[in-house]
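Chain order of the listed sequences is U and H. Per the working numbering, the first sequence starts with residue 1, numbered consecutively. Per the working numbering, the second sequence starts with residue 1001, numbered consecutively.
No lab work stands behind these hints: they were computed from the structure. Quick caveat, the model's predicted, so the values are computed rather than measured. Just so you know, even glycine gets a beta-carbon here, dropped at the ideal spot from N, CA and C. Please note: incorrect hints may appear among the correct ones.
[What the hints assert, rightly or not] Pulled from the structure, derived: some chain H residues nowhere near chain U, Cβ distances all over 10 angstroms:
1. Val1018
2. Lys1023
3. Ser1030
4. Pro1062
5. Gly1069
6. Asp1098
7. Pro1118
8. Arg1125
9. Ala1128
10. Glu1156
11. Ile1164
12. Leu1165
13. Val1187
14. Thr1189
[As the list claims (entries may be wrong)] Not everything, but these chain U residues come out facing chain H in the computed CB check (under 10 angstroms):
15. Asp84
16. Ser88
17. Ala98
18. Met101
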Amino acid sequence: MSYQITSAILGICLAAIILWLIRRDHLHSRHGFWWLLIALGVVLLGIFPTFIDKLAIFLGVNYPPTLLFIFGMGMILIKVINIDLHQSDLERKIRMLAQRMAILEEEKED
Amino acid sequence: MESSCNSVIILIPAKNEVQTVGKVITEIKSKLSATIVVIDDASTDGTINIARSAGATVLSLPFSLGAWGAIQTGLRYAAKYNFKIAITMDADGQHEADSLPILLDAIQQCDVVIGAYPQRGSLSRQVAWQIFRKLSGINLEDLTSGLRAYNNKAIELLTSKSAILLDYQDMGVLILLHTAGLQVIEVPTLMYPRSNGHSRIFNSWLAVIKYMLCTGILCLAHGNYGKKCRIK
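Only chain H is shown next, with the shape it has when bound in the complex (with noise of 0.2 angstroms):
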């Protein structure tokens, strides 16, 4: 633990990527002097070794959570050392760690700011967004993007009860926080592409219709069904 004065937190849910994982917590490091916690998902290599030995605090996880369960370790990690800001990134190295300031700069005005970078998506993908965007009603142009920060209205909402049966870190938070009243902005970031070059959501045909299975009944249960809402 990093002193108390120091309000930010950098979380990072990490499995089995032992490849990225030293190179994104260095990155950070040089650029932003926060406490970087690093969540391991039940990896099977030597990620946990490796983020420790770059000095990250490191969040072991019994079993696999997935991205949102491990997400939400640091973030319950965050609530009780009374952080005011927490940054998620990922751990493939597709986020930028020049992103970082852009983000806690504009987390001042709002209470949830995404990293967006919406160009990344393949042409099924869009079709899959704009559906979940009628479905829900949020008109956000990035809905999966890991790279986001909350400030500790959000952190306490996202450590309730409410938000621990979700599965991935995009509709059903979203819909979370625009229930909730939150504040949500996005700010335009640049990411690389992933360089082990595998997305964790959209690794095979039957992830993918489980994942669309998942949300587009998380949507259709609590959608506002094409009204505009506030997020923007």
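Okay, chain U solo, but in the shape it has when bound (with noise of 0.2 angstroms):
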């Protein structure tokens, strides 16, 4: 068996995960889109694996595989920094409702 298979197979399981999770309401479909992005491009990678080399070669990267892993990192960093936004506006979002929420049972009481 070929790696191109290997990695196909990979990616396609990792979107049919995502699709199962969206299936099963753990997973708003808003997140689903990134994943399946990321499960494309295994996929993708995994079929033409030389698109690589090819853009280390015009990037002027003397080691291919590092790229790739620079380029995953980055991937994973943004991810990172996007779930604390939407923390943020979590706790914005939360701290304003028991903000409300007291001044409201107050109201309700008189």
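Given two chains presented individually in distinct reference frames, assemble the corresponding complex, making use of the accompanying hints.
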């Protein structure tokens, strides 16, 4: 079995898991888009691994796999910052809700 | 709710202050006729009942939001009922009710009045304040005083979206006020030592580090680095 098939299978499995998680209502479809994109990337890079080599030559990177790692880590960083932004937004909303609830409760008791 | 012609509201954030909150409320009532609101920051003792029986309106938070979150709840209440002036006071009895008329007098000429008592800080706190002053360019004597008066302009700003993620009623709030161009002044006031002896911010080394980091980052992000600013 060639490595192309292996990584294509990995990518398709990833995509299937994401779709399953959305179907089961465990994952918001908004996040699903990101992960499906990653799955597509895995499949494409698996089937056409020479793409990385060509890109590396074009960008002047001597050892093509480093490009892959840097690209991967960059994507992870973006995702994590995105999570923190989302988390801050949720925190803001929760605080606002708690404050409004305290006021409403007091008004109701009056 | 008292009548709407009463334009002053006193906000007292309280977390487990059962021993002092009653006395604080009674003292204010003897000096001033104003609506008194205690914001209970998820206390686990009898703070709510004591405050209610002392005659205050109590807003009870479902979970702890910290000192600023509690104060902001009160400011939101003040905005909802169109109060012109909101005064915040600590529930631990360190602020004198006698200072309230001084603050009310001073707020006529500006947007925010801080009841300052800069002598109370320990050496390490003075050093921390000096760093924050340099970073933010805000030259106030007492950066952390909980005794403050806000007018309706300040109330509107401090209940907006941009003030929700603050954690303490000090640098972050001052920076926000300054950026919006509101005028802040300090008046000297007397403060008692805390009767139950602990600060809500400086109660453990871990809390101090967390506070220093949060506030330092806020100053870094918003500061105008050493430049003098209009807050005096």
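For each hint, the structure was consulted:
| no. | hint | verdict |
| --- | --- | --- |
| 1 | Val1018 | 19 angstroms, holds |
| 2 | Lys1023 | 22 angstroms, holds |
| 3 | Ser1030 | 24 angstroms, holds |
| 4 | Pro1062 | 5 angstroms, violated |
| 5 | Gly1069 | 6 angstroms, violated |
| 6 | Asp1098 | 29 angstroms, holds |
| 7 | Pro1118 | 30 angstroms, holds |
| 8 | Arg1125 | 27 angstroms, holds |
| 9 | Ala1128 | 25 angstroms, holds |
| 10 | Glu1156 | 15 angstroms, holds |
| 11 | Ile1164 | 5 angstroms, violated |
| 12 | Leu1165 | 5 angstroms, violated |
| 13 | Val1187 | 29 angstroms, holds |
| 14 | Thr1189 | 28 angstroms, holds |
| 15 | Asp84 | 12 angstroms, violated |
| 16 | Ser88 | 6 angstroms, holds |
| 17 | Ala98 | 5 angstroms, holds |
| 18 | Met101 | 6 angstroms, holds |
Violation of the numbered hints given earlier is confined to hints 4, 5, 11, 12, 15; the remaining hints are satisfied by the structure.
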